[in-house]
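J.: So you can see what is in the structure, the chains are spelled out below.
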Amino acid sequence: MGFFFHTGRYFMMLKSVFAKPEKHRIYLRQLFYEIENLGVNSVGIVVIISLFMGGIMTIQFAYSLANPLYPKALVGLGTRDTLLLEFSSTILALIMAGKIGSNITSEIGTMRVTEQIDSLEIMGINSASYLILPKIIAVVFIFPFLYILSAFFGILGGLLTGPIAGVITIPEYIEGIKWLFVPYYITFSIIKSLFFGFLVATVPSYFGYYVQGGALEVGKASTKAVVNTNILILFFDLVLTRLLLT
Amino acid sequence: MIEVKNIYKSFDGKDVLKNISIRFEKGKTNLIIGRSGSGKTVLLKSILGLFDVDSGEIWYDDRNFLTMDQKRRKQMRQEIGMVFQGGALFDSSTVEGNIRFPLDMFTRMTAKEKETRVAFCLNHVNIEKRAFKLFPSEISGGMQKRVAIARAIALNPKYLFCDEPNSGLDPETATVIDELIQNLTHEFQMTTIINTHDMNSVIEIGELVLFISKGEKAWVGTNKEILHSSNQTLNDFIFANKLYAQMRRDVEEG
Ligand SMILES: Nc1ncnc2c1ncn2[C@@H]1O[C@H](COP(=O)(O)OP(=O)(O)OP(=O)(O)O)[C@@H](O)[C@H]1O
Ligand SMILES: [Mg+2]
Chain U
1271 MGFFFHTGRY
1281 FMMLKSVFAK
1291 PEKHRIYLRQ
1301 LFYEIENLGV
1311 NSVGIVVIIS
1321 LFMGGIMTIQ
1331 FAYSLANPLY
1341 PKALVGLGTR
1351 DTLLLEFSST
1361 ILALIMAGKI
1371 GSNITSEIGT
1381 MRVTEQIDSL
1391 EIMGINSASY
1401 LILPKIIAVV
1411 FIFPFLYILS
1421 AFFGILGGLL
1431 TGPIAGVITI
1441 PEYIEGIKWL
1451 FVPYYITFSI
1461 IKSLFFGFLV
1471 ATVPSYFGYY
1481 VQGGALEVGK
1491 ASTKAVVNTN
1501 ILILFFDLVL
1511 TRLLLT
Chain F
79 MIEVKNIYKS
89 FDGKDVLKNI
99 SIRFEKGKTN
109 LIIGRSGSGK
119 TVLLKSILGL
129 FDVDSGEIWY
139 DDRNFLTMDQ
149 KRRKQMRQEI
159 GMVFQGGALF
169 DSSTVEGNIR
179 FPLDMFTRMT
189 AKEKETRVAF
199 CLNHVNIEKR
209 AFKLFPSEIS
219 GGMQKRVAIA
229 RAIALNPKYL
239 FCDEPNSGLD
249 PETATVIDEL
259 IQNLTHEFQM
269 TTIINTHDMN
279 SVIEIGELVL
289 FISKGEKAWV
299 GTNKEILHSS
309 NQTLNDFIFA
319 NKLYAQMRRD
329 VEEG
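Residue numbers (the working numbering), protein chains in the order written: chain U, 1271 to 1516; chain F, 79 to 332.
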């Protein structure tokens, strides 16, 4: 029951989000603001997490592939493919749902409970479109870049950590990175990250836009938004992997 | 002039407004008073179209608001200014930015003209120049209300709505806000509707007062008449405040 209600209302919201914008110039201004707020400000955390995870993966692959029968280069290959296929798209999206998603819900939710949204409506502004559309475009636009950034720094993390930990040499690692490279993995993941970006922008917007009550409810809505976004990301990951990779 | 005729509004089968009819006059401060939960905010938001009423008519001068199409309604919204209970300023822009926002959205003014208009509106509510660049979180509650009023009048509205404009303010600041709204109403000949449960406001600026009780129109009159009414529900409401009970006794004793 609740599921159908929310799904229905979510699509109703999207319908007004994609109505014709009032003033393009102001939307453009909002868009640049959101790209900076949601995208550029996420670069730091993406770089740090990816460096660490790349390093950790490399050490773990080296550990589990310690058998001398396996070529060392498998470590580089494993790190690369894990990053390209799953980590830099899906896991990164889960992390971004926590960072960007809760930010979106609390921003829009606060505007709702302090009547700022009513205030926009009174002025005759389509509040859903004005507030949410720039966020959707911004997040969908930046997600593929964050994916590439994450994959790059993840691989770099392995390159830096592997030799320091003494589990692999730089030439072995680089050989592994080039070995059996499938460019389609990148296409596949970029398609996924476009979907995930859409979810990370719209689901938290939905939870913020329809919040009722006060500051406490805004906090609860943020938590719900992150949990639901995560579940949807995993669900779409499953569906897209089945559709595009088999 | 705004006129509502026989409006009904319920939430989930619970009647909140029952058969309200009233004519709010142009160039006057029209007050809606009543106990907490009596339906003041719902009435205001229904007139504004933020809630859909179940039945009845709403007229903005000679325009029937409920039968208008969405496009006309949107255009009409630009003739409406609204001051929300908490101010509802946009936190992410400065004082100046808040006033400029409706101008950006709805006018073709040049940057220079906008600047002049912003200054004009803020001067009218006695906000000093040095506060223009501050954010709403950096100014006091009374100032926020004044900025909210300035934003509401930015597009030169014909109709001004205020939901408890002086709640949460000290009596002196509350009086300042009331007078400000009244002066603006007279100066720009707006039809102003104000929700309040502050008896001071009623006495000060109640040029027309609608008293609602449990969603029904219980009394209509002016601030001059209100202290002499024989309506029991109204008297219970007004004279809950001992000071006004004393005033009434004084009046009766001459
Ligand atoms: N969105 C809503 N959904 C359901 N019921 C509502 C809604 N808004 C208001 N009500 C109900 O309508 C009644 C009137 O509420 P309203 O907010 O108009 O009171 P009020 O006179 O403005 O009170 P206050 O002086 O406290 O602001 C209340 O019983 C309230 O519970
Ligand atoms: Mg109210």
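Certain hints may be false.
No more than 27 Å apart at the CA atoms, straight line, and that leaves these computed lysine-lysine pairs for DSS-like [unchecked claim]: (1) U/K1285 - F/K149; (2) U/K1448 - U/K1369; (3) F/K211 - U/K1290; (4) U/K1293 - F/K211; (5) F/K190 - F/K83; (6) F/K190 - F/K207; (7) F/K207 - U/K1290; (8) F/K83 - U/K1293; (9) U/K1293 - F/K295; (10) U/K1290 - F/K96; (11) U/K1293 - F/K96; (12) F/K96 - F/K83; (13) U/K1285 - F/K192; (14) U/K1293 - F/K123; (15) U/K1293 - F/K149; (16) F/K236 - U/K1293.
For the record, the hints were derived by calculation from the structure and aren't laboratory data.
J.: With reference to the structure, classify each hint as holding or not holding.
T.: Results of checking the hints against the structure:
1. U/K1285 - F/K149: holds, 17 Å
2. U/K1448 - U/K1369: Distance of about 33 Å is beyond 27 Å: violated.
3. F/K211 - U/K1290: Roughly 32 Å separates the two Cα atoms, so the pair is violated.
4. U/K1293 - F/K211: holds, 24 Å
5. F/K190 - F/K83: Not satisfied, since the Cα-Cα distance of roughly 44 Å exceeds 27 Å.
6. F/K190 - F/K207: holds, 16 Å
7. F/K207 - U/K1290: violated, 37 Å
8. F/K83 - U/K1293: Outside the cut-off at roughly 36 Å; violated.
9. U/K1293 - F/K295: violated, 42 Å
10. U/K1290 - F/K96: violated, 37 Å
11. U/K1293 - F/K96: At roughly 40 Å apart (the allowed maximum being 27 Å), F/K96 and U/K1293 break the hint.
12. F/K96 - F/K83: holds, 11 Å
13. U/K1285 - F/K192: violated, 33 Å
14. U/K1293 - F/K123: holds, 26 Å
15. U/K1293 - F/K149: With a Cα-Cα distance of about 15 Å, the restraint between U/K1293 and F/K149 holds, given a limit of 27 Å.
16. F/K236 - U/K1293: It holds: about 24 Å lies between the C-alpha atoms, which stays within 27 Å.
Hints 2, 3, 5, 7, 8, 9, 10, 11, 13 from the list above are not met by this structure, while the remaining hints are.
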